[in-house]
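K.L.:
Listed below, chain by chain, are the residues.
Protein chains: 4
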Amino acid sequence: MTRDTPARSTFILTLDCPNRPGIVAGISTRLFELGANIADAQQYDDTGQDRFFMRVVFDIAAADGLAGRLEAEIGALAAQFAMRWTLSDTARPARVLLLVSKFDHCLVDLLYRWRIGELAIAPVGIVSNHPRTLHADVDFHGIPFHHLPVTPQTRAAQEEEIWQLVQSTGTELVVLARYMQILSDGLARKLAGRCINIHHSFLPGFKGARPYHQAFERGVKLIGATAHYVTGDLDEGPIIEQDVERISHADTPEDLIRKGRDIERRVLARAVRIHVERRALPNGRKTVVFGH
Amino acid sequence: MTRDTPARSTFILTLDCPNRPGIVAGISTRLFELGANIADAQQYDDTGQDRFFMRVVFDIAAADGLAGRLEAEIGALAAQFAMRWTLSDTARPARVLLLVSKFDHCLVDLLYRWRIGELAIAPVGIVSNHPRTLHADVDFHGIPFHHLPVTPQTRAAQEEEIWQLVQSTGTELVVLARYMQILSDGLARKLAGRCINIHHSFLPGFKGARPYHQAFERGVKLIGATAHYVTGDLDEGPIIEQDVERISHADTPEDLIRKGRDIERRVLARAVRIHVERRALPNGRKTVVFGH
Amino acid sequence: MTRDTPARSTFILTLDCPNRPGIVAGISTRLFELGANIADAQQYDDTGQDRFFMRVVFDIAAADGLAGRLEAEIGALAAQFAMRWTLSDTARPARVLLLVSKFDHCLVDLLYRWRIGELAIAPVGIVSNHPRTLHADVDFHGIPFHHLPVTPQTRAAQEEEIWQLVQSTGTELVVLARYMQILSDGLARKLAGRCINIHHSFLPGFKGARPYHQAFERGVKLIGATAHYVTGDLDEGPIIEQDVERISHADTPEDLIRKGRDIERRVLARAVRIHVERRALPNGRKTVVFGH
Amino acid sequence: MTRDTPARSTFILTLDCPNRPGIVAGISTRLFELGANIADAQQYDDTGQDRFFMRVVFDIAAADGLAGRLEAEIGALAAQFAMRWTLSDTARPARVLLLVSKFDHCLVDLLYRWRIGELAIAPVGIVSNHPRTLHADVDFHGIPFHHLPVTPQTRAAQEEEIWQLVQSTGTELVVLARYMQILSDGLARKLAGRCINIHHSFLPGFKGARPYHQAFERGVKLIGATAHYVTGDLDEGPIIEQDVERISHADTPEDLIRKGRDIERRVLARAVRIHVERRALPNGRKTVVFGH
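Residue numbers (the numbering used here), protein chains in the order written: chain B, 4 to 295; chain R, 4 to 295; chain X, 4 to 295; chain D, 4 to 295.
In case anyone wonders, no lab produced these hints; they're calculated from the structure.
You can take every hint at face value.
Not everything, but these chain D residues come out facing chain R in the computed CB check (under 7 Å):
hint, residue
1, Ala-28
2, Gln-46
3, Asp-48
Backbone N, C-alpha and C define an ideal beta-carbon position, used for all residues, glycine too.
I would like the entire structure built from these sequences, with the hints used as guidance.
P.N.:
As structure tokens, then:
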């Protein structure tokens with residue numbers, strides 16, 4: 004989608020602002036004046052909220068201090084239109100902290116995609132509330148591991164340790180890769196828009212424990228998974244990606260759990276890709292997800 | 004799946020009973036002794052409930068009074084194993100009463116499938132709480148139409164009229180083809196296992212009015228529909244079939260409603276087919292659906 | 004997606020041209036100067052072909068002679084960038100000629116979607132190589148019907164009649180709704196980019212007659228359908244839309260044909276929608292399809 | 004699906020034979036006499052070939068020499084009906100030899116599913132035409148590795164080594180997990196019905212090299228993968244499982260390859276599961292796949 008010549012850099016600009024005439028003209032003219040070439044652009048006009056969303060991929064001659072200069076230029080334009088915006092250099096993979104509990108299917112899947120270069124992430128740490136021995140069979144490829152056990156009594160302290168890790172590692176994205184602890188409102192708020200969770204989903208939905216068993220009892224014909232940004236409201240943050248698979252009466256709860264693993268890992272991997280490619284823009288309780 | 008020679012009839016036997024050794028041997032031996040050839044058979048052992056479910060398709064030399072003789076034979080065997088059972092002659096289409104309100108996409112779809120011979124149903128009547136003129140554009144192909152308006156005050160009387168129609172027409176299956184009235188517990192109970200409803204489904208689910216608008220507000224990425232047997236508990240009866248379609252942030256509530264129509268009509272048509280082919284066996288709060 | 008106020012008109016502009024800097028800036032600035040508000044815009048940079056594609060939806064104050072003035076303005080800009088372009092007023096439905104042979108499932112489906120206002124088309128005629136009586140059960144709702152029988156000997160003359168119809172009715176889109184005649188290279192060329200066909204598709208593909216029977220013999224587990232623009236090369240024109248459904252060994256060829264009907268009608272309806280919403284832009288042997 | 008009590012064993016019986024009355028009665032009566040309880044049974048009557056297929060899961064009191072006694076009993080019955088049949092003890096995982104070339108996504112996926120106990124296989128060896136160092140990052144968990152390089156000149160000798168490995172390890176299933184060498188007719192015949200391959204699939208299909216690039220050039224909207232039994236006819240053996248994913252014009256050939264990896268690994272894993280659960284019965288050029 005972008006021109007790969009040695010002397011050019013590729014950036015992704017995302018923005019949203021109150022809708023008014025001239026935004027696209029303003030952005031594209033400024034990028035043109037800066038010598039940038041727009042490789043891809045998508046926009047969405049939320050007419051109900053009267054809010055405008057845009058994602059632009061552009062390449063530009065590489066130079067020392069380029070990112071800083073672009074930030075200054077775009078910042079000036081952004082002020083004019085009251086924009087929220089982000090600018091990412093595609094050459095720099097997102098720094099990701101992975102949290103996991105007992106089940107490792109999502110973790111192993113993300114590590115594989117990272118290892119073969121499929122996912123532009125740089126894992127800066129793996130955190131678990133269980134000791135390293137639980138995942139003794141999984142090669143962490145040198146990624147630092149942090150055993151942070153947690154009890155109701157120690158939750159606040161443990162979350163403070165996670166938050167310190169986020170800061171000390173320069174983490175840009177926290178992925179709850181089947182991390183079975185509920186984040187406090189406080190931590191969820193600090194990580195707003197940069198913490199992704201994965202959970203099972205059903206039609207109809209179920210509250211409470213052992214959802215796959217409930218789905219079995221109810222005789223649903225489809226099971227699914229949802230990846231979403233974490234907010235204080237558990238399992239209810241803005242949705243990034245969902246998928247389902249067909250099941251039958253002959254599937255036992257164990258079969259549902261097995262099929263659920265496949266859905267969970269692919270939905271989470273897609274959501275992480277969507278995030279690091281800056282395709283997901285927060286829009287109140289939901290997201291704008293620019294596809295391709 | 005079955006041998007079609009002029010002199011043979013094809014029947015579908017469904018049964019369920021407490022599980023114990025010898026059921027399959029008992030059934031298949033008796034059918035063999037009767038000169039029947041098993042064309043298809045599927046079974047399911049619900050180990051949690053210790054209950055056994057079976058669907059057998061067999062053909063047998065056609066003869067006068069055959070159905071009655073088979074019923075007597077199978078009845079004797081059924082008593083021995085404490086079976087619930089049904090026997091259907093595939094040459095006889097199911098007598099179906101169609102109920103509709105304002106939206107006719109499901110009705111039109113079912114009528115088309117019936118007209119081209121795709122669905123083995125014999126529509127015996129169309130009931131609407133709106134007058135015939137509302138669907139003036141739809142050709143009912145001579146199927147009797149009954150305008151049965153309803154208000155909270157007249158609900159009991161209107162439902163009595165529906166029930167009289169069911170009896171006078173020999174209706175075997177009632178299809179709520181987007182019939183937007185909630186059946187009373189009483190009528191739902193009388194029609195238990197032979198009344199199918201279709202409704203939208205989402206992950207997560209939504210309660211209350213205007214569900215497609217709620218789905219839009221919530222930013223879900225999939226919308227779906229569920230066909231189920233009607234019980235006193237609205238939208239919560241045993242599920243027969245479900246399907247979903249992918250949507251995006253750019254879909255308006257109107258787009259969701261449009262896409263929903265496509266899902267609703269194909270899920271309902273599949274559910275009706277499953278029912279008339281005797282593939283759906285009630286199993287408490289859920290169904291056993293034998294696929295193919 | 005667009006603002007619906009009485010005094011504004013909504014247009015769709017599509018364009019493609021050799022890629023070079025400044026296209027988006029040029030377009031968006033000109034539209035801004037014209038007082039237009041961009042409601043939706045998508046673009047694609049085919050780096051292999053170095054060609055740029057764009058679709059812009061904009062609204063603008065309604066006025067007499069507006070379309071002509073916009074065409075003049077955009078034409079001037081287009082010349083500058085060597086663009087191919089189209090401009091459509093969304094208030095004006097596309098004039099569509101429907102061709103059908105024996106099977107009417109696609110025709111009936113398109114007519115239904117048109118009748119309930121779901122598809123922005125204006126059917127100007129229905130053509131069949133079979134007499135009206137073959138589809139006696141289908142209500143054409145006053146759309147003129149033309150019986151144009153064809154034999155190898157009369158093909159040229161019959162196609163000339165079709166072409167005359169296209170011209171006399173101002174047809175903008177020809178839909179081959181299971182029209183089982185192969186168009187000549189000559190007619191296909193005249194209708195380039197405005198004639199859509201639907202056909203079954205399989206993995207792997209099959210050549211020759213009775214494809215569903217071949218698929219059955221080969222034991223495929225998925226069947227599908229493809230909608231594409233018609234070119235001289237039968238079934239090989241630029242693809243607009245595809246879909247599949249899962250089947251099993253127990254499906255007879257008749258089951259495959261039945262399931263195929265469902266896939267064909269929904270894929271064709273989606274392709275017609277994509278076309279009339281100007282989402283499909285020809286790109287050599289393929290299409291750019293801007294989704295939503 | 005089966006009763007797991009310490010003192011009982013569970014077996015899967017598959018069989019196919021010319022269709023004639025009394026097969027089900029014969030099987031089920033004999034199993035009843037042997038004290039077996041049928042937990043699941045499915046059958047299929049291929050009326051075109053007049054051939055009957057059946058899969059029966061039964062449990063029975065565990066005992067020394069049980070398997071041998073069952074084989075003798077069933078063998079006697081089988082002779083009477085001219086059956087081809089297999090009997091598998093579900094407690095014994097299938098011995099699997101995995102062949103891989105450069106791409107390891109299928110291998111890694113299968114090893115993961117084996118490691119967490121999801122797939123009832125016992126890997127007896129990993130063979131590659133590349134050295135162990137190519138997959139240095141992949142933990143083989145002690146499974147013996149065999150580097151068997153191959154050139155056109157050494158193919159016969161290399162295949163003989165593979166065949167020796169199959170025999171010496173008691174391999175029951177060979178999985179070509181993206182093994183990019185074509186097996187000779189001779190080896191394919193020796194492994195008939197116990198060697199599974201995975202390859203990409205498209206609508207329409209493409210012959211020749213770089214298929215994902217061809218799919219990109221052709222502008223297909225779906226890409227897929229097919230798992231099949233290997234025969235002398237490359238990529239044309241009986242199909243076990245297929246799946247597809249939606250793509251768009253904006254997907255580069257690299258995107259297609261990436262998405263293809265996901266489809267390939269899940270289709271191959273499902274096919275291996277189908278095989279080891281004895282759900283796939285060969286039926287000439289195709290398979291009967293009993294689902295659940």
